[in-house]
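Colleague: Whenever a hint applies, use it, and build me the whole structure from the sequences.
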Amino acid sequence: MARRFNYGKMQTKATRLLARFNQGRVTLQRNVNGIPRPPDWPTWEPWPDSSRHQLYELDAVVKGVSARLVDGNVVIATDLELTCAHKMTLADVDGISVTPAEVEFDAALLDTLAIDGKPVTIVRDLTVPAAGTPVAHKFIVRD
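In case it helps, my numbering puts the sequence shown at residues 1 to 143.
These are calculated hints, taken from the structure and not from any lab test.
We treat Cβ as the ideally placed atom computed from N, Cα and C, and that holds for glycine.
Hints are not guaranteed to be accurate.
[Stated by the list, open to error] Computed cross-link-like contacts, DSBU-like style, restricted to lysine-lysine with a CA-CA straight-line distance of at most 35 Å:
1. Lys87 x Lys9
2. Lys9 x Lys63
3. Lys87 x Lys138
4. Lys118 x Lys63
5. Lys9 x Lys118
6. Lys138 x Lys63
7. Lys138 x Lys9
8. Lys87 x Lys118
9. Lys138 x Lys118
10. Lys13 x Lys87
11. Lys118 x Lys13
12. Lys87 x Lys63
13. Lys138 x Lys13
14. Lys63 x Lys13
[Unchecked claim] The calculated label-pair distances, taken between Cβ atoms and stated as ranges, are:
15. Ala19 x Trp47: 39 to 47 Å
16. Leu126 x Gly8: 51 to 59 Å
17. Trp47 x Arg142: 15 to 23 Å
Modeller: And the structure:
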């Protein structure tokens, strides 16, 4: 009987290697909505913005996009390939440093990735593997 591949073990190994070979500062910024406006709140009264900005640091490596991924339409030769671990570390909230807290990687469509402080646009998501337990996350990004 063939043994099943242990993706959890591979995820741990990939996380360790990406932490070791981490390049520059790769971050993910998330805006979290605060207290919602009550339905009976008068429309002429301003509602205080209680949203919070969370900044997570990622263990990642960045390189030029692989030639095999370039299709000339969605992915172009000047894009970058960003590979990160399946974890992110909360670094600050609203610009104030906090005690680092590790959480599982969870990028949403409205989150912003930045490489050394420069925001980038996600062109393609190539999570490895595409289904099941993620070992690492690979994004094709454009600045």
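Colleague: Now tell me, hint by hint, if it's right for this structure.
Modeller: Hints, verified against the model:
1. Taken as a hint, the Lys87 and Lys9 pair is honoured in the structure, with Cα atoms around 14 Å apart against an allowance of 35 Å.
2. Restraint check for Lys9 and Lys63: satisfied, since their Cα atoms lie roughly 25 Å apart, inside the 35 Å limit.
3. A threshold of 35 Å between alpha carbons decides the hint, and for Lys87 with Lys138 the separation of about 13 Å falls inside it, so the pair holds.
4. A distance of roughly 15 Å separates the Cα atoms of Lys118 and Lys63; the hinted pair therefore holds under the 35 Å criterion.
5. Proposed proximity of Lys9 and Lys118 is supported: the alpha carbons are some 33 Å apart, at most 35 Å.
6. Proximity of Lys138 to Lys63 is assessed by CA-CA distance (about 11 Å); at most 35 Å being required, the pair is judged to hold.
7. A threshold of 35 Å between alpha carbons decides the hint, and for Lys138 with Lys9 the separation of about 18 Å falls inside it, so the pair holds.
8. Of the pairs offered as hints, the one joining Lys87 and Lys118 holds, with about 21 Å between alpha carbons and a cut-off of 35 Å not exceeded.
9. Between Lys138 and Lys118, the direct Cα distance comes to roughly 18 Å. Compliance with the 35 Å bound is thereby established for this hinted pair.
10. For a cut-off of 35 Å, the pair hint linking Lys13 to Lys87 stands: about 12 Å separates their Cα positions.
11. Between Lys118 and Lys13, the direct Cα distance comes to roughly 29 Å. Compliance with the 35 Å bound is thereby established for this hinted pair.
12. As the CA atoms of Lys87 and Lys63 are separated by approximately 20 Å, the hinted pair is consistent with the 35 Å bound.
13. Between Lys138 and Lys13, the direct Cα distance comes to roughly 16 Å. Compliance with the 35 Å bound is thereby established for this hinted pair.
14. For the hint linking Lys63 to Lys13, the alpha-carbon distance of about 20 Å falls within 35 Å, and the restraint holds.
15. Between Ala19 and Trp47 the CB atoms are about 41 Å apart, so this pair conforms to the stated range of 39 to 47 Å.
16. Distance hint check for Leu126 and Gly8: the Cβ-Cβ separation is about 20 Å, which falls outside the suggested range of 51 to 59 Å.
17. For the pair Trp47 and Arg142, the supplied restraint of 15 to 23 Å is violated, since their beta-carbon distance comes to about 35 Å.
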